[in-house]
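Chemist: Work the whole structure out from these sequences, hints included.
2 protein chains.
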Amino acid sequence: MKVINDVRDMRRWTERQRLAGRRLALVPTMGYLHEGHLSLIRLARQRADVVVVSIFVNPTQFAPNEDLDRYPRDFERDEALCRQEGVDAVFYPSAQTMYPPHYKTYVITEDLSRVLCGKSRPSHFRGVTTIVAKLFNIVRPHLAVFGQKDAQQLIIIKKMTADLNFDIDIIGAPIVREADGLAMSSRNAYLNKEERQQATVLYKSLQLARREAEQGNRSAKDIKKKMTALIESAPLARIDYVELVDTQTLTAKERIEGETLAAVAVFFGKTRLIDNTVLNL
Amino acid sequence: MKVINDVRDMRRWTERQRLAGRRLALVPTMGYLHEGHLSLIRLARQRADVVVVSIFVNPTQFAPNEDLDRYPRDFERDEALCRQEGVDAVFYPSAQTMYPPHYKTYVITEDLSRVLCGKSRPSHFRGVTTIVAKLFNIVRPHLAVFGQKDAQQLIIIKKMTADLNFDIDIIGAPIVREADGLAMSSRNAYLNKEERQQATVLYKSLQLARREAEQGNRSAKDIKKKMTALIESAPLARIDYVELVDTQTLTAKERIEGETLAAVAVFFGKTRLIDNTVLNL
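Chains A and B are the protein sequences, given in the same order.
Numbers 7 to 287, taken from my numbering, label the letters of the first sequence in order.
Numbers 7 to 287, taken from my numbering, label the letters of the second sequence in order.
Note that these hints are calculated values from the structure, not bench results.
As the structure is a computational prediction, the values presented were derived from the model and not from experiment.
Hints should not be assumed to be uniformly reliable.
As the list makes no split between identical chains, a pair holds if one copy fits it or if it spans any two.
[As the list claims (entries may be wrong)] Listed below are the simulated DSS-like cross-link pairs for lysine-lysine, each with C-alpha atoms no more than 30 Å apart in a straight line:
no., residue 1, residue 2
1, 227, 110
2, 125, 231
3, 125, 110
4, 227, 199
5, 230, 110
Modeler: Written out as structure tokens, the structure reads:
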């Protein structure tokens, strides 16, 4: 397994793979890999001849008041995990490499990035689409795998990829959960014992939404009310949002029909957790 | 010479050229080709094995009050000229192809796009960087040629290309002028006889700036005053800007030292003309 820090070296490596006729997959991550990431890598392995994992805690997707500095990092462990999974190359650039002084260019996807997580994190998705566009240009993969856990991110990246005519297949991978249902996330490491126990309310609220919808409840207002009550039953939970939206446009639904994204964001202390599920009626 | 309207067809053609080991040049244009464009094509010919010219009047770089609808178009003539110049493929997509319904993604280059032409055309460069990023992803050239006539555009595209890690050489081509010094532009076709005669004041003001600088005048304020007076001597001229700026940052200079971009924008009736020269002291 190659570990590559430099843009030019990454380009050269990837170009050789392409010229050899190999199909390349990119799995972009911020490191501190868990089973969720490993499932993305395994999916990439199935779909491509060569797998590149990028590990980069991207500063432009954090606001000044957010957790960039304390975001968990453990490159040695990540490297060992990638090796175990048969990854072919890890791209591990410095912040300086990706954003040299006087950096000025950003990719924005309007409307979709203003709702849900974009409300409390207004510059977040601009950072995401920018770094993904840069990684696409450096690695030039045939396909890229993103987790369904970040549902809004996945939708925005699909839109950005189509709009800017990147010739890359975007593949969403199912959410991987702990035994008690909590969606895997590097940020789970922030939770203390009590918070960790109560954090299961996110998934429970999504299960509730599914049950309600399957039993014929079509009122988004009513289902959101019940989800909210369930989450609020956890004393340490502070809701950021509970939403039922169209899976394409991310606009709020009144009636639960067709494909609906049920999405929640909840703070435990300073830690913000997200989860979602698609209701298909 | 191939004329290609479809994104997928363009991609397939270009991919074949790349796999055959050929070096590809892209010359992006809005059509209505003149000697200035032809000089870009000839430069591209010298530097590459295969030349693609794109012809697309890009709606996102026009503001609602601007000349999108009346912008001159003559595809048959453009096609004939490209054939004469030995162009290998013309990419000629529809607006619908490039911006399908619900299009949402834009590329922005901050600061550089707010000054000079960006002041009176605040969304212009966002449209330029967006369409150029799209064309880069569709055509995937090794190099792209842009005219020095649009000096700010050239600087912004170089910055965007570096920032987003496009693996493409950006080449600036010298301004081509009419016998009396007027810089070639498709928009010159808008001018009536009187306007056309008076339009030479743009170039004359740049020659004046050069003369002043060469004779030791280091005061940007004084040189701008003299340029302004010269342009205002043409009764039909209405100045948009007269600026002396740093060629990298586009910030205004007080003292004329090092590389200075002298740039002017002047209206004749509804027609807005631009011109520039680099003073290298």
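Chemist: Against this structure, judge whether each hint is valid.
Modeler: These are the hints, each one checked on the structure:
no.: 1; hint: 227 to 110; result: between (42 Å within a copy, 29 Å between copies)
no.: 2; hint: 125 to 231; result: within (20 Å within a copy, 48 Å between copies)
no.: 3; hint: 125 to 110; result: both (23 Å within a copy, 18 Å between copies)
no.: 4; hint: 227 to 199; result: neither (33 Å within a copy, 67 Å between copies)
no.: 5; hint: 230 to 110; result: between (40 Å within a copy, 29 Å between copies)
The structure is inconsistent with hint 4 alone, although it conforms to all the rest.
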